[in-house]
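Chemist: This is what each chain is made of:
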Amino acid sequence: MSNQNEKITTHQDLVPRDLCPSMLMKHLLTHSMSERVFDDRQWPGDGYYWCARTCTCVGPDDEVVHPKDCRPGRRCYQGPQA
Amino acid sequence: MSTPRDVEITVGYPALPGLEDRLEKRTVKPAEGDAAPWDATTKFTTIGTDVDRVDGLQKASGRAKYTYDITFPGMLQAMILRAPIAKGKLKGLELDEASRMPGIGAVVALKDLGAKVRFVGDAIAAVAGTTLNHVRDAIEKIRAEYDLEEHNVDYVVATDAPLLSATGQIEEPWAEAAELEAALKEAKVTHEATYRTEVQTHSSLETHGGVARWNGNDLEIWLSTQATFGCRGELAQACKAKGIDVGTVTLHAEFVGGGFGSKFSAGIEGLAVCLLAHAAKVPVKLMLDRFEEHTTTGNRPGCLMQARAGVDADGRIVAWDWRSFGHAGFTGSGGVSVPNYYTADAKKRTAHKDLNIDADPPRPMRAPGHPQGWFGAELFLDELATKAGIDPLQFRLKNDREAIRLDQWRFGAAKFGWDAARARKNEAGARFLTGSGLASARWGNLGGAGRGTPHGITCRIHQDGTVETRSGAQDIGVGTKTMMAIVTAEELGIPVARITAMTGHTTDPSGPASGGSTLTPSIASAVRHAAFLAKQTLVEIVAKHIGVPLSEVHCAGGKVGSGTAQLRWADACKLIGPNPIDERGKRHPNYAEKPFHASQCGAQFAEVKVDTWTGLVEVTRMFGIQDCGLVLAKKQAESQVLGAMIQGVSYALHEQRIMDKRSGRMLNGDFLRYKITGVRDLPRLECHMHSIANGHDSVGAAGLGEPPSVATAAAIGNAVFHAIGVPVRHLPITPDKVLAALASKKG
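If you read the sequences in order, they're chains U and C.
When the first sequence is numbered by the working numbering, its final residue is 92 and no position is left out of the sequence of numbers.
When the second sequence is numbered by the working numbering, its final residue is 1896 and no position is left out of the sequence of numbers.
Looking at chain C on its own, in the form it has when it is part of the complex (with noise of 0.2 angstroms):
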């Protein structure tokens, strides 16, 4: 093994409008035999320009098959028993009744007698018959018997949650910190105050389930998640913990109609279909009913958070306390983060501690922990500078310490026309009042080799002309495919139609779950590697027939050659014979010298019409800025951000899971009562996609699912403090609080 050379590289960016570039030179050591890292002089040709999504058409056309779509002859139809209570124990199971209902083919109990019954809708067995009214009339005939106990589902009131006063503050006294305090004393502007957000549940367009069949003792299961390999695993540990003889697992999720963190784990659901397949020797189909994926498939929790900070007389943070208590279920995952770049010299403290109710626990919800840490702070920030004489923009400036987000505050205000808006007056007595508000947004995640055997790709080139790259990893909707498509097609130099990209299938090379922004920045250098050493062989078969040495000849621009000898692409693969060019690249692990910057930076701004009439508010126009390292698939990083302002939207306005404290039962576990918002709730949407180049890797690419989901609440909440001129401390911004909120200014 050679040493690997040292490059010169050229990270950063090129000036934003207005603005001052920040490129820097650096000297990276890339993995031997990887491609050379593409850099901020890269003059690409198809990254970064509007390709369309590869398989845009298909989903259009309804030719894409989903998980839901799967059928086979002779396949049963499943559904699961929930448990009606929320708290108790499970004395009795009499399934024989039901077993022997016409057109049931199997009956399966998913909780042992004596087991404990934890929230209503908690999986009590399964049945699978030939229709779903068969498995709806056998469902009618399983008796189970429950010990009752006393349940809670308001985590408001859990045993250790703090005391809230009738206006909703946290009354509890702050423990004691001498140097913060100190602090918060020689402050010269110093507030406090508490922010409440409520439970967001998962509403993936499709449900959780699967389709199962097994050929002996191997299973072929097709199941909508966001982590392929790691259910395949999961799930074959789980049938051999239930006595099954386990041979292969092989895993299909070609389309999946979202996911948002709710589809890492295969579920109950997974493995009853699996159970179900095995004992009635067909196929199985399972998909959750929309009241089952509200109520069982976990949720953003709710979160109460108290503030209190001091600034100086510069306008700078010197003093940051803040708690939060998150509901989390009957497990332990409420977490809350807050922003940490407006507070770097501040005294600070942050404190969190879980609420335990007895209703369906948190899973992680695209940024988790984010946009209700961030509602809270950046509405506090907003408060804090009013409190201090200070423009909120300004307030920033002057605290952020993250120079890529200085430059984003700077063009995005530019852009929204913040002082404009800032300074345009509502009439007094006016029924519609207008406000601005602006919001930040953090990640990290550069990606990474993974552990044990790297990421691996698949690229084929074939006689034809065409070209294949297949990853096993799955593409939740936000464009993987087309992703894999643009830096295939980059690499070899040929036109995006030219290539397949295929995802989804655990028999293609293993690759990262879909989660915490991981799945570009972790494969996009693989697929570029796969391309890089399937280009290598081609050329070594074109220096051959043209009688070149290898060196002098290169493929770009469609052509493979050197000088006047230059093949068209086309021919160039002819000569590659009837077997294809098939190689496998794999993501080599970041480079180790430290990248241009290790997380995304992004800003958002809102304006919002209130109507003092009514409480309505009506988000009008919002404009974000969004980094992702370098910008592959830029219509599809576009889609993302807007797609995560639409997301945001609704968790700001409308999104809130109501519970009926004495049953424990979800009161609007459906898209009738549980309001999401739709086409005529949304603004005027535009973003920027900040492209940044980081040399992490030979690609470069940075997470992007989460990021833009982190502002867009605190945006709007800010923007609604503007427009009314008191803060609505509690989210969603629903006409019952903001009328309050109104009440509260004239009393």
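For reference, chain U alone in the conformation it holds in the complex (with noise of 0.2 angstroms):
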């Protein structure tokens, strides 16, 4: 059951802390990620995610862009290793 003892998540919640830099979401640009989330979603932003080095939803190895895969691990990562 959901929402029965609501507790405040925030987008930044739900970004994962190793996501790569390179992808881009609304709430980033809106410097909005401190903004509350209303429902049950299970990743940051609206679900718009694109490459800031293809400029589309695909990023340089040919694969959606999304949160849960721009990590480490994938071959186009650019972000700060662990």
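Just to be clear, a hint being listed does not mean it is correct.
Derived, one-sided and incomplete: chain C residues facing chain U with beta-carbon distance under 8 angstroms [claimed, not checked]:
no., residue
1, 1264
2, 1322
3, 1413
4, 1414
5, 1481
6, 1593
7, 1654
8, 1656
9, 1657
10, 1662
11, 1667
Label-pair ranges, simulated between beta-carbon atoms [to be verified]:
no., chain 1, residue 1, chain 2, residue 2, range
12, U, 81, C, 1538, 47 to 55 angstroms
13, C, 1720, U, 23, 24 to 32 angstroms
14, C, 1536, U, 28, 49 to 57 angstroms
15, U, 23, C, 1723, 49 to 57 angstroms
16, C, 1644, U, 81, 50 to 58 angstroms
17, U, 28, C, 1313, 36 to 44 angstroms
18, U, 81, C, 1829, 50 to 58 angstroms
19, U, 81, C, 1706, 54 to 62 angstroms
Derived from the structure by calculation, the hints contain no laboratory data.
Glycine included, every Cβ here is placed at the ideal spot set by N, Cα and C.
Build the complex from these two chains, which are given one at a time in their own frames, with help from the hints.
Modeler: Set out below in structure tokens:
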């Protein structure tokens, strides 16, 4: 059951700590990562993600851009190494 | 640094007619150096008054230069070759012949050999030439070959879509949830239904695109965007990834012909124009055509929603179960939101699943996920209320937990004439049936200071008495420049006519993208802070000139001075000298203290007339009440609300993407066949701006772009239900669906 003990979740809470910095989304550009999430979504933002190196929803490796995937181990990952 | 002082302010709002005020005292701690907060007791001279759009004449006379209007001598025009297949791989791409065509300056590949093609319209290559005819001829000479794969462009039959019955009901069993099942079992009245919405494509009047020119390694680009700084950084990174040694990037977007959520990324068209200009070594323009706009720049996803709920004997919702399935193109962004303020005490569950298809993915569109979710939820609530024998307004008054909206329901109902409208009976057998409906709106954005360096604003006061207020953020047409001029005028105590507001050049201080209704709440208090600092500097100059202690000099009402030693604004500014006062204000963080309300509330009422012979629905009148914190630019705020209602009428009655399942291609990718509400379709529209002092920063503005677009389609859907007595649960409410609903009633 969701929402019975409502806990405030922000978009920032849903961002993986090791996310590739080339992954972009609306809430990053609008500086709204601290905005509250009102529903049960698992990932931050509106679900529209794109790569700053391709300007499309597909990364340099020809795979779809998504916060669950744009992380260490992906061939095109450019974030800080752990 | 001294400790910021405590300031007592009054938050809330004065009484709406016939209701009580909601005013409260609150103590806040503004940041050091910031202006004292405006609150519910502040007497404004300019804020909240009717001020014409400061760039209205420029726009109406054609002097406003949009990206589309930018041109340079020797500039080339460009187009993109698009994939004709919905799924496969690019196995061959031959560009040489196109490059050798007369008038062609550059040809670039946008997809590597072997790369996946994911939808009809996926970008393959781009060509720049002297004229678009040269470019079209060259594109004909590009040989692209594909390995085809089987595709699917219908989310309703996607592999993991729920099963639908012949009547469109979701047939899958609900997952076990003991508490919820128990609540449903105990409820006095229960109801279950399936709702559906179609894809609404982005249709900004100015299509996506840009004009790029390189000066050595430095790029200058005019881009139709709603994220000047975001796109500047994105293009620098993308050009570097393509092997270009990029120096500085300067981006201009002084006028933007709409964005609605589709213009956050520079897009492949933005990158392509930079690559072409770099290769051709002359300026290049690339603007998408209308078909590309409909098919490649995103959309509001369609969705399936299924709800079941129960109410107790008092009409309170005690159980709420909701699941949705959203079309997500080839990515994954078909999310749906539903109101949570009706179901605070209910046993509830919500779940969502994205359904992937081989089509252009959704992008944020004005209140992403909300209009579709609210349509389903609010119509479901009306069906539930009807089943329980409760008037829809009374049902909401019983269940809505937002105190502000409870006032709005009551005020709006009186203004709209709800009771009389609902009591009016249609004549038996009449051809035209009228009905009334209502729906709520919610959004949550009070803005913020930004990550890292806070959002900034420049304010300059010149010796001739004119004032500039400048932001590098964009105005996507909502009236940002006017808002900046109004806030500056209020702080300086001078008329708006003395002020020039400028936006959209990344050479000015940075600001956020326009999205999520963030821009005004995130920069308004920076605008004020810049004017506040510039005023202080002017006051210091005047104090010195008239020989009065600084603390005794005031700047208000077009005068600067103390007691009888008052200088008119124009005379005071003559003391400035040839170099203007030039101050940079910043957006301080929101106060740590809790605001009066962290969300924005709204309510809308609609009346429709349904032709039972043709099935045509005409919306005859609408009334909306909307809160956006402190209303700064009243006319522009009203314009936002009325514009959202117009867009909502269009969504409710007309807009839908029609795909050819066999080719995967959109069949109605133009304004002839993709129907959008026109002037003759519009109802009488009225709105009331509900100004609320939230007390979260020195200005107290809240977001407005999204919230009024949430309720409209839902209110219209409910009005149609009231008119014909059966719900039409599938947007858009086109004549065929109305006739089918009427037939089901008879049958």
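Chemist: Next step is simple, just say for each hint if it's right about the structure.
Modeler: Results of checking the hints against the structure:
no.: 1; hint: 1264; in the structure: 5 angstroms, holds
no.: 2; hint: 1322; in the structure: 18 angstroms, violated
no.: 3; hint: 1413; in the structure: 5 angstroms, holds
no.: 4; hint: 1414; in the structure: 5 angstroms, holds
no.: 5; hint: 1481; in the structure: 6 angstroms, holds
no.: 6; hint: 1593; in the structure: 6 angstroms, holds
no.: 7; hint: 1654; in the structure: 17 angstroms, violated
no.: 8; hint: 1656; in the structure: 19 angstroms, violated
no.: 9; hint: 1657; in the structure: 17 angstroms, violated
no.: 10; hint: 1662; in the structure: 4 angstroms, holds
no.: 11; hint: 1667; in the structure: 4 angstroms, holds
no.: 12; hint: 81/U to 1538/C: 47 to 55 angstroms; in the structure: 54 angstroms, holds
no.: 13; hint: 1720/C to 23/U: 24 to 32 angstroms; in the structure: 55 angstroms, violated
no.: 14; hint: 1536/C to 28/U: 49 to 57 angstroms; in the structure: 50 angstroms, holds
no.: 15; hint: 23/U to 1723/C: 49 to 57 angstroms; in the structure: 55 angstroms, holds
no.: 16; hint: 1644/C to 81/U: 50 to 58 angstroms; in the structure: 54 angstroms, holds
no.: 17; hint: 28/U to 1313/C: 36 to 44 angstroms; in the structure: 40 angstroms, holds
no.: 18; hint: 81/U to 1829/C: 50 to 58 angstroms; in the structure: 52 angstroms, holds
no.: 19; hint: 81/U to 1706/C: 54 to 62 angstroms; in the structure: 58 angstroms, holds
Of the numbered hints given earlier, the model fails hints 2, 7, 8, 9, 13; all others are met.
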